[in-house]
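Asker: Kindly generate the complete structure, drawing on both the sequences and the hints.
Heads up: the protein sequence lines correspond to chains A and B, in order. Start counting at 1 in the first sequence, then tack on 83, and there's your number in the working numbering. Start counting at 1 in the second sequence, then tack on 83, and there's your number in the working numbering.
No lab work stands behind these hints, which were simulated from the structure alone. A hint or two may mislead.
Since the list gives no way to pick out one identical chain from another, each pair is judged satisfied if it fits inside one copy or across any two copies.
With a cut-off of at most 20 Å between alpha-carbon atoms, the simulated SDA-like pairs for lysine to any residue come out as follows [said to hold, decoys possible]: (1) 244 - 181; (2) 307 - 187; (3) 391 - 267; (4) 106 - 154; (5) 307 - 179; (6) 211 - 296; (7) 272 - 180; (8) 107 - 174; (9) 244 - 313.
There are 2 protein chains.
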Amino acid sequence: MRATTIHAPGDIRVEEVPDPVIKKPTDAIVKVTAGCICGSDLWPYRGENPIRRGSTIGHECIGVVEEVGAEVRDFKPGDFVVVPFCHCDNTCASCRNGAQSACVNLGMTSSGQGEYARVVEADGSLVKTDGVPDEALVPSLLALSDVMPTGWHAAVAAGVKAGDSVVVVGDGAVGLCGVLAASVMGAEKIIAMSRHEPRQAIAKAFGATHVVAERGKEGAAAVKEITDGIGVDAALECVGTNDAMTTAIGVTRANGGVGFVGVPHGVELPVRTLFEKNIGLRGGIAPVRRYLPELLELVTSGRIDPGKVFDLTLPLEESPEGYRAMDERRAIKVLLRP
Amino acid sequence: MRATTIHAPGDIRVEEVPDPVIKKPTDAIVKVTAGCICGSDLWPYRGENPIRRGSTIGHECIGVVEEVGAEVRDFKPGDFVVVPFCHCDNTCASCRNGAQSACVNLGMTSSGQGEYARVVEADGSLVKTDGVPDEALVPSLLALSDVMPTGWHAAVAAGVKAGDSVVVVGDGAVGLCGVLAASVMGAEKIIAMSRHEPRQAIAKAFGATHVVAERGKEGAAAVKEITDGIGVDAALECVGTNDAMTTAIGVTRANGGVGFVGVPHGVELPVRTLFEKNIGLRGGIAPVRRYLPELLELVTSGRIDPGKVFDLTLPLEESPEGYRAMDERRAIKVLLRP
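Answerer: Set out below in structure tokens:
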């Protein structure tokens, strides 16, 4: 099949690789209808994560079941499915406790930017749509593979509830989906920290009531002012850097909550500040499967449209250009069509 | 008045100091019926916190209102009161958000191991008992000044709920009160980590279903075994050292919660582990006033008896011996009678 591969920092190719195959009777193979590039794919692209030379890349996709293993009961070839980027059996103790991203049989989509993807624990992982969806729904369904549930997770982890004031640190696709999540949950003030006009526009479309373009101390002061000097009830940290975490904790009121979903790179948690302000901290890899039924309903009913985060669509063969566009912040998120 | 003072590490004295006086119209002066020594008083005693030479020490007490400032409305001389160690107006934004320990008018009892104590924001801070309590209730009422609400806060912060499995790291008075809190909240398995027989006995009396005497990796392995290899739903960190925090986080299941109330000394939070396991972390100085009405009712109704943590009662003049007894772990917690 044709698939995106990474060879070295900055070296993304589309080439012929072996088709994924059923390895365990609980596996399924999905023919990818749409895949995409994730902000976290930029970590190896920028040389900040180790790279296995020539490996396929891409963990987000939706598509049509092509083949299932002998023990797969709930899916058959032809089913249209959303593929959560982390696969889970949805039955183990971790899954029952809502931590599907720590499933004992955890798997991960590894060729979402290709023509086919293998899904382990297909029955536990996949979620079916009601028939083949309208083309117009494709971007929003694809967003359910990772960014929307991840933004949602940030809001859940931060404890967002109706009437809250919320800040979202990070204006990538996940941060924007965090704005959307806070809005659905009924937050009253939603402050998007963004200095990038197209992203500000999406944040507003998703429900942001305020935009703060400043960063660091100036940004924190602006957030404090919007919240009458008190700080926000909940902060969503959607970047993963120490600066972003420092801002998120710094603008949260005493007894508030910080939800963090940016993969931590160089983050040092200030235990004394957390202690003195009694700020709660929770986050991690989103348990996508846990949220999928609810989010799928929100998308198919037209209540949310997270697909707006895709501002560039390219054929799979132009995947390297997609990486460049995201790396240079010319695109928020790139959708790839095989 | 006579009061306990600290002059240097290990140098505790009882001497004549000026009586505390009303400085602001919202102040009250309380004649101390009973005070006590806190585990956290051992930090300066052991030279691990700075000391202001000759200053009074002791932040826990109960007693009788002696005098009130002109603006105090709800208390009058003769009222018997529980004095939360952190004073608060109970009306500011932090207090309204349940963070009374981050009140904008925060104060602290500073001569609880003396004959009189000044309380700032008396109306917001103090809680009255129904008349002068029976002598038998004195220890449990005194425990409401700090240790019981602090153990309770650890359980609240960890998210303990009915049916949970809970571990308590730390067998000091706060840890033991954490066991009691988890029990009241309906936890099903309560694992007390303690190697000290008298403390184990109190833990069991307070509701511990299991005792683990091992520490470090062996201790963690024992807790995992009790929880079928999964880990606890909630961990209460009631020490403040890095070892205690490491144990608490290490034995918590994916998507579980850690509540920490030990004042952090050298704690480094493992952000990657928290992220990978989606473990929630929350804690800090207990907002005592928030919990006092509920806890006072539990004490006066006889439902809980946190006063059991006092295993040595001394006259105020023997305060230095009280410090030695706690430092050498001959006593769990020392009650002082002026």
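Asker: None of the hints should be skipped; say for each whether it holds.
Answerer: Quick rundown of the hints versus the structure:
1. 244 - 181: both (19 Å within a copy, 16 Å between copies)
2. 307 - 187: between (42 Å within a copy, 15 Å between copies)
3. 391 - 267: So residue 391 and residue 267 pass the 20 Å test inside one copy only (16 Å; across, 48 Å).
4. 106 - 154: within (12 Å within a copy, 77 Å between copies)
5. 307 - 179: between (38 Å within a copy, 17 Å between copies)
6. 211 - 296: neither (40 Å within a copy, 50 Å between copies)
7. 272 - 180: So residue 272 and residue 180 pass the 20 Å test across copies only (16 Å; inside, 31 Å).
8. 107 - 174: Intra 17 Å, inter 61 Å, cutoff 20 Å: intra-copy only.
9. 244 - 313: Intra 17 Å, inter 30 Å, cutoff 20 Å: intra-copy only.
Of the numbered hints listed earlier, the single one contradicted by the structure is hint 6.
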